[in-house]
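Turn these sequences into a full structure, and let the hints steer you where they fit.
So the sequences go chain by chain: U and P.
The first sequence begins at 1 in the working numbering and counts up by one.
The second sequence begins at 1 in the working numbering and counts up by one.
Take the hints with a grain of salt, since some may be wrong.
As the list makes no split between identical chains, a pair holds if one copy fits it or if it spans any two.
Calculated lysine-lysine pairs in the DSSO-like style (CA-CA distance at most 30 angstroms, straight line) [unchecked claim]:
#, residue 1, residue 2
1, LYS3, LYS50
2, LYS34, LYS50
3, LYS23, LYS250
4, LYS259, LYS293
5, LYS29, LYS50
6, LYS241, LYS256
7, LYS3, LYS293
In short, the hints are calculated from the structure, not lab data.
No experiment lies behind these values; they were computed from the predicted model shown.
2 protein chains.
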Amino acid sequence: MAKIEHDVVGIGNAIVDIIGRCKNDFLIKHNLDKGHMMLVDADRVSLLYKEMGPAVEISGGSAANTMVGIASLGGRSAFIGKVSDDEFGTIFRHDIRAAGVAFETPSSAGGAPTARSLILVTPDGQRTMNTFLGVSPELSPRDVDPKLIEASRIVYLEGYLFDRPDAQAAFRQAADMAERAGREVALTLSDGFCVERHRLEFLELIRHRVDILFANETEITALYSAATFEEAARQAKADAKVAVLTRSAKGSVIFKGDKAVSVPAAPIRQVIDTTGAGDLYAAGFLYGYTNGKSLDVCGHLGSLAAGEIISHIGARPETSLAALAAARGF
Amino acid sequence: MAKIEHDVVGIGNAIVDIIGRCKNDFLIKHNLDKGHMMLVDADRVSLLYKEMGPAVEISGGSAANTMVGIASLGGRSAFIGKVSDDEFGTIFRHDIRAAGVAFETPSSAGGAPTARSLILVTPDGQRTMNTFLGVSPELSPRDVDPKLIEASRIVYLEGYLFDRPDAQAAFRQAADMAERAGREVALTLSDGFCVERHRLEFLELIRHRVDILFANETEITALYSAATFEEAARQAKADAKVAVLTRSAKGSVIFKGDKAVSVPAAPIRQVIDTTGAGDLYAAGFLYGYTNGKSLDVCGHLGSLAAGEIISHIGARPETSLAALAAARGF
Chain U
1 MAKIEHDVVG IGNAIVDIIG RCKNDFLIKH NLDKGHMMLV DADRVSLLYK
51 EMGPAVEISG GSAANTMVGI ASLGGRSAFI GKVSDDEFGT IFRHDIRAAG
101 VAFETPSSAG GAPTARSLIL VTPDGQRTMN TFLGVSPELS PRDVDPKLIE
151 ASRIVYLEGY LFDRPDAQAA FRQAADMAER AGREVALTLS DGFCVERHRL
201 EFLELIRHRV DILFANETEI TALYSAATFE EAARQAKADA KVAVLTRSAK
251 GSVIFKGDKA VSVPAAPIRQ VIDTTGAGDL YAAGFLYGYT NGKSLDVCGH
301 LGSLAAGEII SHIGARPETS LAALAAARGF
Chain P
1 MAKIEHDVVG IGNAIVDIIG RCKNDFLIKH NLDKGHMMLV DADRVSLLYK
51 EMGPAVEISG GSAANTMVGI ASLGGRSAFI GKVSDDEFGT IFRHDIRAAG
101 VAFETPSSAG GAPTARSLIL VTPDGQRTMN TFLGVSPELS PRDVDPKLIE
151 ASRIVYLEGY LFDRPDAQAA FRQAADMAER AGREVALTLS DGFCVERHRL
201 EFLELIRHRV DILFANETEI TALYSAATFE EAARQAKADA KVAVLTRSAK
251 GSVIFKGDKA VSVPAAPIRQ VIDTTGAGDL YAAGFLYGYT NGKSLDVCGH
301 LGSLAAGEII SHIGARPETS LAALAAARGF
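Written as structure tokens, this is what we have:
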């Protein structure tokens, strides 16, 4: 059996975020669904960029953010995702490696550009994302290095990848490899709309291949077409080995077999930008989980990492999460 | 005489900042002079980028930051500077226009890339800049639109431009045009090293062409090879029509003829990143000046704008300076 070199390897879209503030009117004018991720084409991304206010560019991508969070907590993480050999690709590669995450997926040359997401942050701190995937869905099964999967305790998969067939194949292949190597598979549902686009595929995966499921309130109710969170949670508890359900300010609830653990959100002075809240919660949880902590501690580490990320612009930590966790006694 | 359309037109390097945190050790290891701007070539910028930690990308450039600050205060500003037709050029153009600054200088195609500055922020909030000028010095006299100069109350020139002959020519041409059109010329000395490289040229300009001089303590003492700030200030007072001297936490002092006005720095909870402090002070001062305010009010507006910029990462305001100024009774 391969030697464990990483706590978690994440597979997802490699994205640079372009983050700006806007009023609610802007979302209405451009018919944007607040709090959601929408896929947009090159023309639409150009139009929205032209219309939006000044922005900052910060590396992002859901699973990538999670891997950076794990590294910031002191864990060993790796990432698989596709960038192009352009300036945004250079930024993405630099930032994830500089954060301590192993990232060796080759860049694509001369084709579609590196993915970017226009993220509009409203005064309430909510983020609405418009993602141009560019080269990202060109991630293919041959980009999934079996040695990397076998050398990682957990393979963490981002639901967003389900939006493109080739990336979906890479995703399934990674889950198969992990299973054969005796590793665990974690999945995040990513977005309510994304869940609606791929409900049956996700259900099949959760029932038969996934060990740890991450979802927020919107996603889990979409998955089960449930009327209430409680109803969806009951079904998730039955379907998933471990179900980790996040509820923004209401904290999170974790189910494993008969166990149910409730964890509060971390207290925050002011919510500046919720981009990456779910990603960083997953980072804290998985760091605790791969270090043998109780579900309660895993949840608290998730809350702590999410709390840091929503207190500033961008989905990458601005301070050492390990130092933050130590200061809180974890 | 041309109609006034802009309060201020700025001429400077068009730069995207790449900002990351580092320990003091990093500066020592790479032989970087803390608090200064160093010009670096393509190889050096690649090496430093590889070695530095995760970063964020935010539009910058000294005079450009000042023009954005003026617009944020409700003033009318324009900018002249050179970008390439690459991704960083797109970012720069978007951000300055989205901030409300007129910017029509054509992009350069297929040559050197858009300028970038690797900015290393130490735990004390000080910034150390490593600038790769790329296409920026290709700004030439033909990029200086006479109509734009004539339609602006003040032409604001960035000392950094003196580092390249062609840009220096554009700079002098703009000053000539402004003089002929009866407009005022403002100059910022930009950096202590920059002053040492061009001492005599700067002195000649200040004595004969400049109406408003901006400098910090390091720059003004370098200009006069003075032993103390007081000695340098005495000479600046004699040479410049209006001398605006900033002293970080010690506030600023403004000389005009026999008048001397001292203004305190704005109170700040925590200094996060001093990038752009001088640029935004100049923005506040010039906004007040072009709106006929007293030197004291001009200085307070400078302190207010500088205070906003050092309370977060990056040299572009994160909030409306007009709203901030209104809240403080200006």
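Quick rundown of the hints versus the structure:
no. : hint              : in the structure
1   : LYS3 <-> LYS50    : between (49 angstroms within a copy, 29 angstroms between copies)
2   : LYS34 <-> LYS50   : within (19 angstroms within a copy, 37 angstroms between copies)
3   : LYS23 <-> LYS250  : within (25 angstroms within a copy, 37 angstroms between copies)
4   : LYS259 <-> LYS293 : within (15 angstroms within a copy, 68 angstroms between copies)
5   : LYS29 <-> LYS50   : within (14 angstroms within a copy, 41 angstroms between copies)
6   : LYS241 <-> LYS256 : within (6 angstroms within a copy, 75 angstroms between copies)
7   : LYS3 <-> LYS293   : within (21 angstroms within a copy, 71 angstroms between copies)
This entry satisfies every hint, going by the numbered hints stated previously.
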